[in-house]
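Peer 1: Sequence:
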Amino acid sequence: MKVEFHIITYDSKPTDLAGELRDWSEFVDGRRYSVILKSGGEEARVWKVEDPGGFPTIVCSGVSRSPLLDKLLGRVVQALEEHSDNLMIHGPIDPSDKPYDFSEIPKVEIDGDNFGSLEEFWDEISEKLIPGVSWGRNLDAFWDILSGGFGTPNEFELIWKNSELSEERLGFEETVRQLEIRRRQCHPTAIEGTDFRLGLARAGKGFTVFDSLVDIVRESPRVKLNLK
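Here the sequence shown is numbered in this note's numbering, starting from 1 and rising by one per residue.
These are computed hints drawn from the structure, not numbers from a lab. Any given hint might turn out to be false.
Unchecked claim - List of simulated lysine-lysine pairs, DSSO-like, C-alpha gap at most 27 Å:
no.	residue 1	residue 2
1	LYS107	LYS128
2	LYS71	LYS107
3	LYS71	LYS205
4	LYS2	LYS228
5	LYS205	LYS161
6	LYS2	LYS205
7	LYS128	LYS13
8	LYS38	LYS48
9	LYS107	LYS228
10	LYS13	LYS48
11	LYS128	LYS2
12	LYS48	LYS71
13	LYS48	LYS107
14	LYS228	LYS13
15	LYS38	LYS2
16	LYS2	LYS161
17	LYS161	LYS228
18	LYS128	LYS161
19	LYS38	LYS228
20	LYS228	LYS48
21	LYS205	LYS228
Using the sequences provided together with the hints, build the complete structure.
Peer 2: Set out below in structure tokens:
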């Protein structure tokens, strides 16, 4: 059973959790507040969201309550305390029992059955969020869309149907394909970093396309993500 701890933080300055955890032997991949850890059969993750009350919240998640998850929680709390006036920790929480109330905000639905690649995901987003609008069709531009730069609602719930299918279709195989495209197009100074992520993806490790998209939505203060 999946388990989460939610840490509400009143940051005085940002905390680089990936930097804090990069020296761990369990570290797989990370950037800013998002990190993946693995040890044997255990996996634990951390990411940042805006909770329903509007406060920055760090989520520490594991497939089960494990020594790795407890170790992660302790380090994250320690790191956040150095940059925060106050912390509140809630958990352990069963993610399926979150008492989020989305009833009063507009809803936008995308369906994982409609797309099997990142390009097709952009098509779905274009149709459902900004029909008829030309945009950059990349991760940065996706953040701009969620931030309201293209006329999206001030706050809305993004219902992602068949998200488990999307997790599979936008997994490591699609991640390798996208990174290979990026390598052909990127500036020479970015090749080394791209090759590192390619190596991870080819080994079935690190962030996938699906992970990156979910992280962007979760970090948006205007959007409440509902994975179905």
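Peer 1: Honestly, which of those hints from before does the structure not fit?
Peer 2: 2, 7, 11, 14
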